[in-house]
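**Student:** Chains as they are written, first to last, in the working numbering: chain X, 5 to 155; chain Y, 5 to 155.
Worth flagging that the hints you see were computed from the coordinates, not collected in a lab.
Hints should not be assumed to be uniformly reliable.
Pairs involving identical chains hold if they fit within one copy or between any two copies, as the list cannot separate such chains.
[Stated by the list, open to error] Taking lysine to aspartate or glutamate and the EDC-like style, the derived pairs with C-alpha atoms no more than 16 Å apart in a straight line are:
hint: 1; residue 1: 21; residue 2: 70
hint: 2; residue 1: 120; residue 2: 81
hint: 3; residue 1: 128; residue 2: 144
hint: 4; residue 1: 74; residue 2: 114
In case you want the letters, here they are:
2 protein chains.
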Amino acid sequence: MSTLNFAVTGNSATQTKYEGYARHFKITVDEPHALGGNDDAPNPVEYILTGYAGCLNVVVNLVAKELDIKINSLKIEISGDIDPARLLGTSFNNRAGFLSLKVDIDLDSDADEETKTLLFKQVKERCPVNDNLSNPTPIEYNIFATNLNLN
Amino acid sequence: MSTLNFAVTGNSATQTKYEGYARHFKITVDEPHALGGNDDAPNPVEYILTGYAGCLNVVVNLVAKELDIKINSLKIEISGDIDPARLLGTSFNNRAGFLSLKVDIDLDSDADEETKTLLFKQVKERCPVNDNLSNPTPIEYNIFATNLNLN
């Protein structure tokens, strides 16, 4: 299989609300009232956590199938703290994003200890979102900035 | 302001579908048919791209306000390629996640060139999701794996 392309495109609807499209899905992003939004949708970093949890679900199930593990239930919770100072421009001491992330996985299965260890070792190595959050990713920025004054 | 905590919790509904909750919002993740899912919702990495675009929207608007820039319109598109080989376990030559990301921002504003340069320099430095995707983030895993055979 060759590489797969994923894309989201959308527009700023308000200062906090983004209306994006991924294929035939519309996804709205907003901020809670405490962060200046209208709380119409999950906020940006909540989508990051959800994408990460959703990715772990796919990979745990995929690898479990390979290892012939029967999953009875699988609960995934991800959380993290952000210091908003850099975002707000009041201090640049801490990084802008999550200082760290905590992944809690509660798996009920028929696997023995050794197989479970192998399962989660494989999951960490093969989960796309785990990779992009654990390791740096090159980002290319293309800014098309129309200046009305120059038109 | 002290640090802010964000969290998502949820369960595996199928091998590809995750039903998560962020505060009072339910967010469903699934995979397209081509990736073995039922295509009931955006897939994990589409949520990553959406969270990133939503975050850029917030920070562009925030910094523009500080710089007294009037935004007429703002379009944000983010895309990237993934080699699914590592996820599928068929090859470990490439990384698991996005090989790179491309951010296209189309801003229509009344800002001059110098101010726009300052705007986007600040946006890159202050956007939380940009930070977590550009730079490594420490991740703590807690695996609670019940083994039915041992009960």
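**Student:** Can you tell me if residue 21 and residue 70 fall within 16 Å by alpha carbon in one copy, between copies, both or neither?
**Tutor:** neither (41 Å within a copy, 18 Å between copies)
**Student:** Please work out whether the CA atoms of residue 120 and residue 81 approach to 16 Å or closer within one copy, between two copies, in both situations, or in neither?
**Tutor:** neither (18 Å within a copy, 39 Å between copies)
**Student:** When no copy is specified for residue 74 and residue 114, does a C-alpha distance of 16 Å or less occur within a copy, between copies, both, or neither?
**Tutor:** within (6 Å within a copy, 59 Å between copies)
**Student:** State whether the alpha carbon distance between residue 128 and residue 144 is at most 16 Å within one copy, between copies, both, or neither.
**Tutor:** For residue 128 and residue 144, only the inter-copy Cα distance (11 Å) is at most 16 Å; the intra-copy one is 26 Å.
The structure fails to meet hints 1, 2 from the earlier list, while all remaining hints are met.
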